[in-house]
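With the sequences and hints as input, model every part of the structure.
Residue numbers (our numbering), protein chains in the order written: chain S, 1 to 441; chain C, 442 to 723; chain U, 724 to 1029.
Don't read these hints as lab results, they were simulated from the structure. Note that CB positions come from ideal geometry on N, CA and C, so glycine has one too. Do not take every clue at face value.
To be verified - Okay, the calculated beta carbon distance ranges per label pair:
1) ASP297(S) to VAL526(C): 41 to 51 Å
2) VAL523(C) to ALA231(S): 50 to 60 Å
3) GLY581(C) to ASP794(U): 42 to 52 Å
4) GLY831(U) to VAL526(C): 47 to 57 Å
5) VAL472(C) to ALA373(S): 26 to 36 Å
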Amino acid sequence: MPRHQSILTRRSLLGGGLVLGGTALAGCVSPGGSAGSSASPSALSSGGEAGGEISILDDNTNQVFQNGLIETFQEQTGITVRNYEMANFNDLHDRFATMFAGQDTSYDVIMTWAGWSAEFGQAGWLQPLAQDSLPADVIRPALDAVSWDDTVYGLPKFASVQTMFWNKEHFERAGLDPDAAPESWDEFVAAAKKLTTDGRYGYTCDMGNPAGAYQNFLRTMLLCGGELYDADYTPQLDSEAGVEAMTKLVELYRDHEVMNPASLQITNASDLVEVFSQGNTSIVFNWPFQWSVATSDAATTSAATVGNGLIPGINVRSASIDGSEGYAISAFSENKSAALKWLEFAASATSQREIVEKEGWFPVSQEILDDPATEEALPVVATYEQSTEYVTRRYGTPWSNELDQLLSVHVNRAMNGDEEPAAAMRASQQELLPVVEKYLG
Amino acid sequence: MNDTAGPRRRVDVGRVAHRVAVALLVVYLVVPFLWMVVYSVYPSENLRSSPMSFAPTDLTLAKYGELFGDSGFVRSMTNSVVVGVATTVICMLLGSLAAYSISRFRFRGSQTLLLAMMTVQAIPAIVLAVPLFVLMRDFGLYDSLTGLVLTYAAFILPLVIWMMVSFFDSIPVNLERAARIDGCSHLGVLRRVVIPLSGPGFAATAIFAFITAWSDFFLAKILTGPNAETLPVRTAAFQGLFATDYTAAATAGVITALPVLALALVAQRWIVQGITEGAVKG
Amino acid sequence: MLGRTTLSAVERKDRRFAIFAATPAGLTIAALFLYPLVYAFVLSLYELNDKRPEATRVVGLANYVRLLGDDAFLASLARTGVFCLFTVFGGVAFAVGMGVLLNQRFRGRAVARVLLLVPWAVPPVVNGIMWKLIFDGTYGVANSILMTLGIVDRPVQWLAVPDLTLGVLIFAEVWKLTPFLALMTIASLQSIPANIYRAASIDGAGSWQRFWRMTLPNLRGTIMFLLIVQSMWSIKVFDSIYVLTGGSGGPAGATTTVNFLAYLTTFSYLDRGYGASMSIAIMVIVILVAAFWVLLLGRRDKETRR
Chain S
1 MPRHQSILTR
11 RSLLGGGLVL
21 GGTALAGCVS
31 PGGSAGSSAS
41 PSALSSGGEA
51 GGEISILDDN
61 TNQVFQNGLI
71 ETFQEQTGIT
81 VRNYEMANFN
91 DLHDRFATMF
101 AGQDTSYDVI
111 MTWAGWSAEF
121 GQAGWLQPLA
131 QDSLPADVIR
141 PALDAVSWDD
151 TVYGLPKFAS
161 VQTMFWNKEH
171 FERAGLDPDA
181 APESWDEFVA
191 AAKKLTTDGR
201 YGYTCDMGNP
211 AGAYQNFLRT
221 MLLCGGELYD
231 ADYTPQLDSE
241 AGVEAMTKLV
251 ELYRDHEVMN
261 PASLQITNAS
271 DLVEVFSQGN
281 TSIVFNWPFQ
291 WSVATSDAAT
301 TSAATVGNGL
311 IPGINVRSAS
321 IDGSEGYAIS
331 AFSENKSAAL
341 KWLEFAASAT
351 SQREIVEKEG
361 WFPVSQEILD
371 DPATEEALPV
381 VATYEQSTEY
391 VTRRYGTPWS
401 NELDQLLSVH
411 VNRAMNGDEE
421 PAAAMRASQQ
431 ELLPVVEKYL
441 G
Chain C
442 MNDTAGPRRR
452 VDVGRVAHRV
462 AVALLVVYLV
472 VPFLWMVVYS
482 VYPSENLRSS
492 PMSFAPTDLT
502 LAKYGELFGD
512 SGFVRSMTNS
522 VVVGVATTVI
532 CMLLGSLAAY
542 SISRFRFRGS
552 QTLLLAMMTV
562 QAIPAIVLAV
572 PLFVLMRDFG
582 LYDSLTGLVL
592 TYAAFILPLV
602 IWMMVSFFDS
612 IPVNLERAAR
622 IDGCSHLGVL
632 RRVVIPLSGP
642 GFAATAIFAF
652 ITAWSDFFLA
662 KILTGPNAET
672 LPVRTAAFQG
682 LFATDYTAAA
692 TAGVITALPV
702 LALALVAQRW
712 IVQGITEGAV
722 KG
Chain U
724 MLGRTTLSAV
734 ERKDRRFAIF
744 AATPAGLTIA
754 ALFLYPLVYA
764 FVLSLYELND
774 KRPEATRVVG
784 LANYVRLLGD
794 DAFLASLART
804 GVFCLFTVFG
814 GVAFAVGMGV
824 LLNQRFRGRA
834 VARVLLLVPW
844 AVPPVVNGIM
854 WKLIFDGTYG
864 VANSILMTLG
874 IVDRPVQWLA
884 VPDLTLGVLI
894 FAEVWKLTPF
904 LALMTIASLQ
914 SIPANIYRAA
924 SIDGAGSWQR
934 FWRMTLPNLR
944 GTIMFLLIVQ
954 SMWSIKVFDS
964 IYVLTGGSGG
974 PAGATTTVNF
984 LAYLTTFSYL
994 DRGYGASMSI
1004 AIMVIVILVA
1014 AFWVLLLGRR
1024 DKETRR
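As structure tokens, then:
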């Protein structure tokens, strides 16, 4: 091939241009910019005039908003919902991370829950709300899901606490009283042993992914009377309660052999409901929505055969974990006062009634919780009210994702017998300490 | 090896072994996909009972009907088709031009350019997500088909150019010289001589571009919202937190795979031939 | 051929055309990659965790140094190595085997070859869903088959035991990607002149010997290409892991390869500076691996070029 001297120079010129352009671009690239500009926006108070348009990015848990509630909201407030998007829960975190990092203004309201509120709140991506102007009707503990470090970043859209569900038919066939739930861990294990029969396991859970492993471990630790952190957020994973919790889980699986081995690969609550409602397991601890699925037409279980009660405790009578969801306002929103109206609307009695009756989640409005019609529509609410007497925690922190990931590794190893429970907890503790320190130090 | 098996007796054992191996291979290639098809046409209870029940009376296309009746799903289908076709057209247009230029003129640095393009291929999409998002948003292209097409074009062009260069390399230059002397422009030569001669390779590359654009998940997930959502994103979303519909996931999976499968089957002659002619010589 | 002296005018024209023709593609690629790539590189020089906005600062190459001492990164690198060992060496060997198998003459050969396109046409996301349905611990058909055959007596938890999950992932990736490589092998086998085999069979060489002495050396260029392509795919594998493990990295992180760790670091932990350095490192690794194959097997590359 012939050589072209002039091309060389032209190309090198071009190359030089690219390098220059790149350097100039590099100057423009200011990765730190996003955080600084929104570090501490002042708290937003309600009560002001609001109008215009808002755009909402929700998960796909609730259908009631697009099935009518949005119209009610528009009529009530005169605010237009320009765009209401329901995205898959599993995709949302990535979407938020990208949008927020790019300081995107296209969404005013986003769905949030415990870990995300802490994480995105700490990042300065959520608009703090003024504590004194929160709606009086909102049940206070439900605010946990939208708060971090004494700052409230949103309002809850439903409350979710795990309770125990059991298959009464299985109980009867195993010679157990279908209406008397196990009240302690030993009773639970004994029942589960009797129920593990006919090629079916007495108990099934969902610890197949990091969030699931965290939830199942945390629940057991709370049942042992433990706390995940002390007052200064020093992790207590390798505490007595932590090791005991891990041991109890491993025993269920390896010694008592009452835990469905599939528990280790079930990655979401809906698959767990599926196993239960097809009659393939007898006891599960799950979120309230299980009731409506397990009593639907597609299920082999029904309202008459599904029992519901408090989760049996180990060193305490009961305890549970929280999975409430809420809405928050993007720090980059250009219509925050209208966005706040949406948050208030979602937490109001109007929306809450539909969420309870049509979707089976617990209400965050005191008025709806006290309404006798609520318990009629959703019998598990009775258990929810009992459960408020016991500890219900979530420990949403900015480092929740890191914790889920590192803990799940050791939970899986312990369950598979590759690590002793004590060693697993010690290792988890060692790995978690620097993470916590990084975010709090 | 190559059609040369002689008429020797002892070959028979080998022949049987060969046929068995081929049969196993065919099962291996086809059955997993067929299983997903089965999953999409039976109620999940049938497949979750033990033993599984395959009663023909239970066969149902209900999920297909449901998905085709879902405007969001249909939109994601149209989006995927538009994005796939547009990306392919752009890639083949710009790619063959660039490949021709690299193949025929081998200007200094063209090899470097080729290598640089492969470097682009080496970048994990993950690191580009946020800046691409910012870029798209600033140009008003977030959640738009145009934005997605441009992004895919940039991602797929390097491979297209690479493949096309090796196809063009394998075409004798003499023909073009003749055409040039007859007064044909470079563009004319490319259009009338080079591309027709590299027909199968061209088709194979085009299908490669289409499949790559059609299959992408991660970038589509980051760069699209409700408007420009594509099939893979939609399909993955059937695995939700509180609502997982495996029958729908399998159905969407079949719907996502079928057009590509059909395309690949229709074009199989070109694909095999096209690959023969160039890609592997690179 | 035209004389050397008259060339320069034509040459200049050619050159103008060459640049004109390469520009649109070059611009498209540059427009979309230049900014993101520079951004990514600059980011990798920052301590930047979105959850610690106050700690943002330039740290130079410290992130890269941190990588070298990061157990999680090194473990994911080792995992990627294992994954590549199976998918690249195993996958390419399997592909060559399939290619040789389908290159012989038999009835239905055309159909069998066409079927190689089936896995290729299945998008990675669908591939992940498909294998998840098959290897599900409760309802998966893999267990049903194994139990019916009496190979196992209780369901195997494929996606709960770390080694098994990695195995399923490898199986799924190999299923999807190697048939395409086999197709390339077939294409290349067909370009081997038949007469050299004829000569060999006269020499009395057995089919095994013919394979080692004739087929394999002739496939050298192809195998290099396959190794490069499959290495790139394997190191950057993402979609299948994401779908197969429900967005996590597998039980006990069993399928958390480097690329998945970069994803977790960037998107789950929001440690974007460090995540960027991981991604750049992956890019360098991919280039090094590709270069390694070229150096090892590509010696004759220049000869084959016209």
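Hint check results:
1. ASP297(S) to VAL526(C): 41 to 51 Å: At roughly 42 Å between Cβ atoms, VAL526(C) and ASP297(S) fall inside 41 to 51 Å, so the hint holds.
2. VAL523(C) to ALA231(S): 50 to 60 Å: 57 Å, holds
3. GLY581(C) to ASP794(U): 42 to 52 Å: Between GLY581(C) and ASP794(U), where Cβ atoms are some 44 Å apart, the hint holds.
4. GLY831(U) to VAL526(C): 47 to 57 Å: Hint violated: Cβ distance 33 Å, outside 47 to 57 Å.
5. VAL472(C) to ALA373(S): 26 to 36 Å: 53 Å, violated
Violated hints, listed in ascending order, are 4 and 5; each of the other numbered hints is respected by the structure.
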